[in-house]
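Novice: This is what each chain is made of:
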Amino acid sequence: MSEDLISIIDQKATIELTVDDEKVSVPEGTSIYDAVIGMGKTIPSMCYHYTFNPFGSCGVCLVEVEGKKAPVRSCTSPVVAGMIVRVDTKTMFDARKKAVEKHLQTHPLDCPVCDADGHCELQDMSFNFGITQIGEVKQKGLPEDRRSTVLDFNMNRCILCAQCINICKEVVMVDALQFFKKGGFTHVVAKGDSALECEFCGDCLAVCPVGAITNKFSKYLYKPWQLTKTVTACNYCADGCQMRVEVTDHTVVRVTSLLSWKDKWDDHAATADGHGGLCVKGRFGFAYINSSERLKKPLIRKNGALAEASWFEATAEVAKRLKAIKAAHGPDAIAGLITARCTNEDLYAFQKFMRRTVGTNQLDSSARYGHASYCAAMEHALGAAQPTVSFHDVTFANTVLVVGSDVTETNPILALRIKDGLSNYHAQVIVAHPVRTNLVKLAPFPYTIAVGSEGAFVQGLTKAVIEGGLVPQRVASEHPTATAVLQTAVASLSWEALESATGLSRETFAEAAKAFVSGERRVIVLGEQIVNRPDGYQNVLRVADLMLATGMIGQPGSGVIRPCEENNERGAVVVGAMADRLPGGLRYDDPAARARVAAAWGGSLPSGGATLAEIVDGIRSGRIKALYAIGENPLGTLPASAGVREALSRLELLVSQDAFLTDTGAMAHVVLPAALAAEKDGTFLDGHGRLQPVVRALDAKGEARPDWAIVTEIAQLMGASLDYTEAEEIRRELLQIVPAAFDAGPAALRDGLDGEVALRYAQPAVAADAPSSEYPFELSLYQVLSHSGKMSTRDKGLLEIDAKSRLQIAAKDAESLGVVSGDRVKVSSPLGSVEVRIDVNGDLPHGMCRFPEHFNDPAVKDVLPMWVDPVSKAPAFKAGRVRIEKVVP
Amino acid sequence: MPTTPAQPPVFTQKKLPLLRTEELMLNMGPQHPSTHGVLKVVLELEGERIMKATPVMGFLHRGVEKLAEDGTYHQFIPHTDRLDYVCAMYNNFAYVRAVEKLLDLKVPERSEYLRTIVAEVQRIIGHLFWLGTQALDIGAMTVFFYTFREREFLLDWFDQLCGARLTTSWYRIGGVERDVSQDLIGQLRYFMKEFPPKIDEYNVLLEKNRIWIARTKGIAIISAEDALSFGLSGPTLRGSGVEYDLRKAEPYGAYDQVEWSVPIGVNGDTYDRYWIRIEELKESSKIITQCLDKLPEGPIMADVPQIVAPTKDRVFTNLESMIMQFKFFSVGFPMPKGEIYCGTEAHKGELGFYIVSNGEGKPYRLKIRAPSFIHMGAFDHMSRGYMIADVVTIFGTYDIVMGECDR
Amino acid sequence: MTLKELFDKAVLREILDGLKTTFKHLFVKPVTFQYPHEKRAIPDAHRGALCLLRYDDGAERCVGCDLCEAACPSRCIKVVSEEDPETPLRRIATEFYIDITKCVFCGFCVEACPVNALAMTKMYEYSTANKRDLMFDKPKLYQIGDQMLVDAKKYLVAHNQEENDEAAMQYRYKFPYAPAKKS
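Protein chains in written order, with the numbering used here: chain A, 369 to 1257; chain B, 4 to 410; chain C, 5 to 187.
Okay, chain A solo, but in the shape it has when bound:
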């Protein structure tokens, strides 16, 4: 039990008891088990796990309590004052041994074929207790439950400890499993004895102490002792999970979490900030590393076709042509793009290459259409670009406001923190979302708002806080002008406009505001549907206003958390792999910062610069002749209206450096194979600011190399002095320039903002386009749980779990259109039309449809417009208005 937990929840009296002649005091209500474990002793147990409440099914954790005849199950017995407990006695050893023998009696002789063999608690217990005689045995002889796509349930091996059921119910809060009696035996089955259909986080698999739940993707392929295990960071979303990549030879066999039945004995430090589990992507999405589609050798376009070449040829070619273009057209004829899935070291090496070796500031990363917009706005308002809230703060927050985010789908581990707060620490969770998301179903304050009205919701909340007199006294005295200006600004907003925009009543806003200010520690989860919209920049400023009005600025444990889609978006901003950022996350136009970096690099920094949209424009206009894209696939990401294909075809040199041959790669002149995160060393900076070590778990496929190493080699061939031999050198260089690069600074309201506030509230925030009769549907691209970006669609396993490239529409709309799931419809917008199959989703509101952004077949993204924010230069291209017509076959 952590100290926070004791201090926050258990402010109860402590009582004293004696354990093995040793006095110990614990808070009232503690179980004997927790009290003994807290002393550093161990009681063997099989159904206990620290992540959920004790269940008491295994009967192994027996202790002797003076005055009681029979041994007591320590996990379910609370301590009583003056209790005398004996743990390490011969009688208890024998009693526990008997309990284990009981489990063995119904266990089959499956060790040779069982995947858990070697990582099995029952085996360990049996071995440690030295059991040699178990007496009468009973075999269940049950068939294996193979209905699920991901997990196999072998109930012969089950010891009915219920850890899987409990973790699913209490920690993950999906509640997909249950006990079910059939044929005289108790089984663990999916709810309703059907095929398991859940989030497939696999935490049940992790806590299963025997081999009753097995992973279908690596079934029978290994024994634990054959695998080399490396703890590294996941590279799907920015939740920053540490996971164990288990490798044999050159193949990833499986991924396991730090959470397991085993970690109840160990030091919980590694999993202290979360429960240590993973989501479906992290645990089951590892097959892309082994994919045969991976690029293994560099490719050079010869006579119109890409042909394999050696590294020497390829890097020399790139260096030669970049040098030629630089000589002929100047450095500003070259631009670079890098994905925020790269490590900090890759990103730093690349930006230094672009700025020093090439001499241009025309570079951008994929954080541009993710995290950058938030950073720009928050830096403008509060001076601190990065979110300051940690997972720990989310867990212990009194109130959590989730707006514009389907967080259980996009960032499931962050969602688990919210769920933890919800179930264990009585957090007031307010969710505003147009769709009935999973969190909406769990939250005490769910609000279904109109599509695209997230900004208006925040405004309404601010207005309700101010008009309801809920602004803390402290705020008015600390920021008198800002408060006054805000007060007049919200007064100009009319409730009617807000009500019509959001679909919520004035009273609802008042209720939400009251709930929001009810606690001291408040966390706002700001999803991409509010940040990455055409008015996203303004929306973030509005959130800053809400933070000011409720006194969240400078309040410890309060703040905003940004669930990013890509693992290292925050790192890309901090390392400076963007035109408007310097290493350390400093602004590129900050003269002091420029001088510092220039001095460290020993030269001057290029002026000007271009962001993603400007680079595309520059290429189209013919100004930019060469593009170096690392892991970026603008052709596959941006809609057709951005004109990327036309632009790329005009390039004199297109270098695509990626692990796979992407759409952009297919057009490239040189393709360089890059190593994936599991194949290199480095660091990620996750969404809540922890620096995650990335450790090489296996050799890179084929001849693929880490991005920083390729960039370094090209730089050397171009005659520049970029000479890194390992990733750590790069990180050291960055930290020498900006020692606090990876730390978020304190947030404080900036002066001179008051003038803008009034402007922001002049008109209520509404969706970009008003509904029209011609285009009645609001289409948005959304993220699904099982995928992340386009990378996960290369993963065999995740595609097996979810390969639905279908347009989701509301049940009501489907009825009026006369279509059912599986029918084809034509989606048209002023920009074009596309045919797509539909899926009816009852949780969607009327007038909304959505399509998973991970799939490009059919290319639904191409019917959407692109809109670039004038301040943050962030392109928004995931929403637009469309018309849907049934296709008559």
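To be clear, the hints were calculated from the coordinates, so they are not data collected in a lab.
Ideal Cβ positions, reconstructed from N, Cα and C, are used throughout, including at glycine.
Incorrect hints may appear among the rest.
As the list claims (entries may be wrong) - Lysine-lysine pairs mimicking DSS-like chemistry, simulated, CA-CA at most 30 Å apart: (1) B:K285 - C:K24; (2) A:K466 - A:K436; (3) B:K365 - A:K458; (4) B:K297 - B:K365; (5) B:K285 - C:K33; (6) A:K630 - A:K549; (7) C:K106 - A:K597; (8) A:K587 - C:K82; (9) A:K458 - A:K470; (10) A:K559 - A:K465; (11) A:K587 - A:K559; (12) B:K285 - C:K82; (13) B:K104 - B:K370; (14) B:K43 - C:K8; (15) B:K69 - B:K104; (16) B:K220 - C:K33; (17) C:K142 - A:K1164; (18) B:K289 - A:K465; (19) B:K297 - A:K597; (20) A:K584 - A:K664; (21) C:K24 - C:K13; (22) C:K33 - A:K1069; (23) C:K13 - B:K201; (24) C:K24 - C:K8; (25) C:K142 - A:K597; (26) B:K370 - A:K465; (27) B:K289 - B:K69; (28) B:K289 - B:K104; (29) C:K82 - B:K211; (30) B:K285 - B:K201; (31) B:K289 - A:K409; (32) C:K157 - B:K201; (33) A:K1069 - C:K82; (34) A:K508 - A:K559; (35) A:K1069 - A:K537; (36) C:K24 - B:K220.
To be verified - Examples of chain B residues toward chain A, derived with CB under 8 Å: (37) K289; (38) T292; (39) P308; (40) V311.
Using the hints provided, position chains B and C relative to the given structure of chain A.
Specialist: Showing chains B and C alone in chain A's frame:
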């Protein structure tokens, strides 16, 4: 019994005024038939006299001690076969004894007797091998054929016992792998009856042979004091008159249950050590015959789950034994934390295993005190002043095996 | 020195004694034999080349549990296992390699095998000019097993792995369906 006292040679450099003389450096080995494998000795010669001899070792280094850290305690047994590959059984014995000492494990009585019998058979094989090769090195070829004739019989006996002639891996932690059959006991009894006349046969060829005496008497002399301070052991130490035998000093196996004596030399030269080894052949025969007579019935493996792998018939049908089997072979048994040194009297000298355990299934550190290696430390001391032709005798007098020396 | 000793020395007595012994051996039957025309009788317990065994009905015994791989002190075994595509639930070894050049013939893999799928044979003549032939793969191991089945079974009996053929019958079940245990 050797009686004639001998003195180490006193060699004084005589300088002839007219001839220019200088020291000659000579590399002997590693490719030399009498260096018993791959030993190299750098000799500094004054004429044919050895002024200094520097053994260069490590040509056969395989990192056995490091390999031990990578496997379970059980898995190391076959690696010990390959230390002194001439006498695998004794290496097995020394190793399992060390592990059992750390585990504080009691081995069944029958097993103790069997271990003693097989260890003594191995001692006979070792001494026969030494005798044959030493005589061959010095120039007497016939003895080699005769000793190998008997050695072959015993190696075939090993083959029937455990399935291999040299790399036996027959000893197990907690007992032995396989029981001896009546047939095998009968074969051994037959051999023990036939063996003493054979020893006389070797002796006829060597004992009084003037060439043998000339090549061994007074060669490689070491005083008792020096022998002790160089850490010599086994026949090499006892040849100098020190009565030290671990089988008597710290009895193990069934050595304290039977009557036998420790032969002691007088002069500490190669001839005395030859005599001791011949006597030990006779003593070993005595031990084996007595052990065979006293051989008790009973189990051959200790009944300690976790440390001893379960029997196969139980593995097939019982879950608890199946689990033991998997744990035993995949992670090994948990060893108590601690460290132990256990020396065993192999035919070459004291073979010791030093094990450091951190409580896991694998040794944290394992150090082998190989008698060959220790004996090579005295090589320079024992060879100075002798002729270059005596180097071969001096190698042989230790009975070195490079597999054990370089490990 | 006594007179006798002096006499013995003069007439080379000890040399004559030695020659007498060697001369006698001219009339002793030779103990050597002429390999390869004559061969040693190999005992049942002999630890020769490894093989894989089948059940009497022809099904492979090996379930691919990888315990031999774990038990091997020289790390010469590699097992690749997966689920049998034809019989779901059955774990099989799709590939099985023994690098016989690395093998130390300790027999630990046989001791470890929970289904007695491995055994050692009396085969010892497999020298080859091509080192790659000494990487025994699954077909080769089964081929040896089929050829040397009698020896392999004798080996298992000799090393207490199976009591005898009949007694072994009762163990011969196929994973993961375990038989009802005798109480």
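Novice: Next item in the hint list is B:P308. Is there a CB on chain A closer than 8 Å to its CB?
Specialist: holds (5 Å)
Novice: Given the hint that C:K13 pairs with B:K201, test it: the Cα-Cα distance must not exceed 30 Å.
Specialist: With a Cα-Cα distance of about 25 Å, the restraint between C:K13 and B:K201 holds, given a limit of 30 Å.
Novice: Is it true that the CA of B:K289 sits at most 30 Å from the CA of B:K104?
Specialist: holds (27 Å)
Novice: So, B:V311 near chain A? Judge it on the closest CB pair being under 8 Å.
Specialist: violated (11 Å)
Novice: Is the Cα-Cα distance between B:K370 and A:K465 30 Å or less?
Specialist: violated (37 Å)
Novice: Compare the distance between the alpha carbons of B:K289 and A:K465 with 30 Å, and conclude whether the hinted pair is satisfied.
Specialist: violated (49 Å)
Novice: Keeping to a limit of 30 Å between CA atoms, is the pair of A:K508 and A:K559 held or broken?
Specialist: holds (22 Å)
Novice: With the threshold set at 30 Å, check whether the alpha-carbon distance from B:K285 to B:K201 stays at or below it.
Specialist: holds (11 Å)
Novice: With 8 Å as the cut and Cβ atoms as the points, is B:T292 at the interface with chain A?
Specialist: violated (38 Å)
Novice: Decide if the proposed pair is consistent with the structure: C:K24 and B:K220, CA atoms, cutoff 30 Å inclusive.
Specialist: holds (24 Å)
Novice: Take a quick look at whether B:K285 and C:K24 sit within 30 Å of each other, Cα to Cα.
Specialist: Between B:K285 and C:K24 the Cα gap is close to 23 Å, so the pair holds against 30 Å.
Novice: Is the straight-line distance between the alpha-carbon of C:K142 and that of A:K1164 30 Å or less?
Specialist: holds (29 Å)
Hints 4, 10, 12, 14, 16, 18, 19, 22, 26, 27, 29, 31, 32, 35, 37, 38, 40 from the list above are not met by this structure, while the remaining hints are.
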